[in-house]
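Student: I would like the entire structure built from these sequences, with the hints used as guidance.
Going down the list, the sequences are from chains L and A. 724 is the number of the first residue of the first sequence in the numbering used here; add one for each residue after it. 44 is the number of the first residue of the second sequence in the numbering used here; add one for each residue after it.
Don't read these hints as lab results, they were simulated from the structure. Note that the structure is a prediction, hence the values are computed from the model and not measured. Idealized CB from N, CA, C, for every residue including glycine. Honestly, I wouldn't trust all of these hints.
Computed footprint of chain A on chain L, listed as stretches where at least three residues anywhere in the stretch have a Cβ under 8 Å from a Cβ of chain A [what the hints assert, rightly or not]:
#1 755-763
#2 909-923
#3 997-1011
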Amino acid sequence: MTRTADVVIIGGGVNGLACAYNLAKRGMQNIVVLERGYIGIGATGRCGAGIRQQWGLEENIILARESVRIFEQLSDEIGFNIFFRQGGYLILIFDEEEYQLVSKTIPLQNDLGVPTKMLTPGEIGDFVPGVNLDGLLGGAYCPTDGTAYPYAVLWGYGEAAKRRGVDIRVKTEVLSVSHHRDSGYEVVTADDTFRTPRIVNVAGAYTKNIAAMLGIDIPTQPHRHEIAVTESLKSFLEPMIISITKGFYFSQSLRGEIVGGIGDDNETPSFSTDSSPDFLFRYAASLRQTLPALGNVRIIRQWAGLYDMSPDARPIIGTVDDIEGYYHACGFSGHGFMLSPVVSQLLSELITTGSTSLPIDSLNLRRFSQGDLVKDPYVVG
Amino acid sequence: MAKKILCHCEDVETEELYSALRQGYGDLETLKRYTGIGTGKCQGKCCFIQTLRLLHDMVTRTGGMEREATGPKDLMIDPDDIRVPTLRPPVLPLRIKDIVEGERGEP
Chain L
724 MTRTADVVII GGGVNGLACA YNLAKRGMQN IVVLERGYIG IGATGRCGAG IRQQWGLEEN
784 IILARESVRI FEQLSDEIGF NIFFRQGGYL ILIFDEEEYQ LVSKTIPLQN DLGVPTKMLT
844 PGEIGDFVPG VNLDGLLGGA YCPTDGTAYP YAVLWGYGEA AKRRGVDIRV KTEVLSVSHH
904 RDSGYEVVTA DDTFRTPRIV NVAGAYTKNI AAMLGIDIPT QPHRHEIAVT ESLKSFLEPM
964 IISITKGFYF SQSLRGEIVG GIGDDNETPS FSTDSSPDFL FRYAASLRQT LPALGNVRII
1024 RQWAGLYDMS PDARPIIGTV DDIEGYYHAC GFSGHGFMLS PVVSQLLSEL ITTGSTSLPI
1084 DSLNLRRFSQ GDLVKDPYVV G
Chain A
44 MAKKILCHCE DVETEELYSA LRQGYGDLET LKRYTGIGTG KCQGKCCFIQ TLRLLHDMVT
104 RTGGMEREAT GPKDLMIDPD DIRVPTLRPP VLPLRIKDIV EGERGEP
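Tutor: This is how it looks when you write it as C-alpha cells:
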C-alpha cells in the first residue's frame, strides 16, 4: 500500500528515535520511523553507555557539553528513567606525550565550561580503591561525565515520540529508496511504500548503504567493537575508567556489573558482530592489569557492535549539497550514543527551520572532498 | 496471589513479564533487556525455557489452527517473536584471573 509521510526516518536507533521525538516536539506531523529489527538491535543497544565531554576539538567538546545538559533533565522531559549517572570519566595516563596533550587540552575544556582537572597518581589511588598505580603519570577527571542505560534512552525517546503521534515500525526493512524531482522520495518496504518530501538517514553503519541507493557516497567503514560484562558487585567504582593509548574503558553499571571493552588495531572493516575469544583475553588482561582485585570476578557475557568509522573519526551530520530533502547523521566512530540528544535536536532544527543553534558546517559530508581532515586525538579504541 | 519467580538470578517475577508485555515490549530480545531475565549468572539457561512456555501459552493460533490461549486473557503474541535470544559466550562464567592465566587451546 502506498502511504504519504512528511518525513521518513530510516533507523530506529537512538538518533532516529530522538530525531522523531524532537521533530514531533517542534510540531511536525506524519513522522514515520523504519527499523528493520527490534528497537536497539544496532549500535545503540550494543554500546558501552558512556557519556563524556573530554574531547580534544572544540566542536566535539561543545556538542558533548550540550548533550550532557540534555541528558541531565531527559528522564523528566520524556517521562522515562534513563538511569543517567554522573560518576565522571577518569582518563588514566601512562604516556608522557599523552600527559602533555591532555594538560594542554584541559584549559580549553575548562574555557568551554567542562570542569576537567588533572589528578595525581596519589589522588587516583584514593579515588579508585585498588587501582594499579604502576607507570601511571596522572589522570584527567571530569565529574559531570557519566553513563546512561542505552535501552532506556531508546524506549524513553520512542514512547515519548509515540505519544506525539510518531509511527514507529519495527521489523520493517527498507528495500529501496529513490528520489524523484517532482514527487520527492519513495521508500519501499515489504508492506508499504512511503512517499515523502524528506528523509533522515540514521541507520548507523548501514547509513552508507541507504545513501548509496541515492547515489551518495559516504566514506565510512563498519568496525566491530566488542564488550564484556561481569557478574554484579557491590557498588565501589564511581567513574568510568578509560585509557586513550591502551584503548580500553570500563565502568560499573547501576546493577553493579563491570561493563567495558578494548579496541583492536588489527580489526578490519566488516559487518560482523561475532564474539571473539581474542577480545576476551585482551580485555581480561587489561582489567586485571588496571584493577588487580578484579581477577577474582567472573565475566558472564560478551557481545559486539559496529562503530561507523569516518576517515577523521568525527561524525557526518547535516544535508548533502545539491540533494533536496535529504538529511543524515552517521560516522559517529563510537560516540553516537553520547552525542545523540544534541545531534537529534540540531537535525530537527535543520529540518524544520533550515538552520541550527550550534554550528555543524564543519561536520558536513563535503569536508572529505576538500581535504585537510582534522582528527580528534581523544578517540579511544 | 502468590509471587511466581521467573528469573532466579535477577529476581524477576512472572507478573513483571506480563507487565512488560502489556506495555508493548513484545519480543524476547526486548523482554530480556526490559525485565532483566536471562542477564544474570545463568545467562538464561534456567529462565528462557520458562519464559518461552509462558509466551507460548498466549498463542491463539498455531500451524493454521485456532487454539485456546491459557495465558492472561489480555495478552497476545506473534508466534514469530517466540524465540530464544542470541546466546553469547562464555558458556559458563569465567574468572578474569583464569582467562588471563589459563592456557589457550586450539578452537
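Student: Now tell me if each hint is right for this structure.
Tutor: Here's how the hints hold up against the structure:
1. 755-763: holds (count 3)
2. 909-923: violated (count 0)
3. 997-1011: holds (count 8)
Going down the numbered hints, you'll see the structure goes against just number 2.
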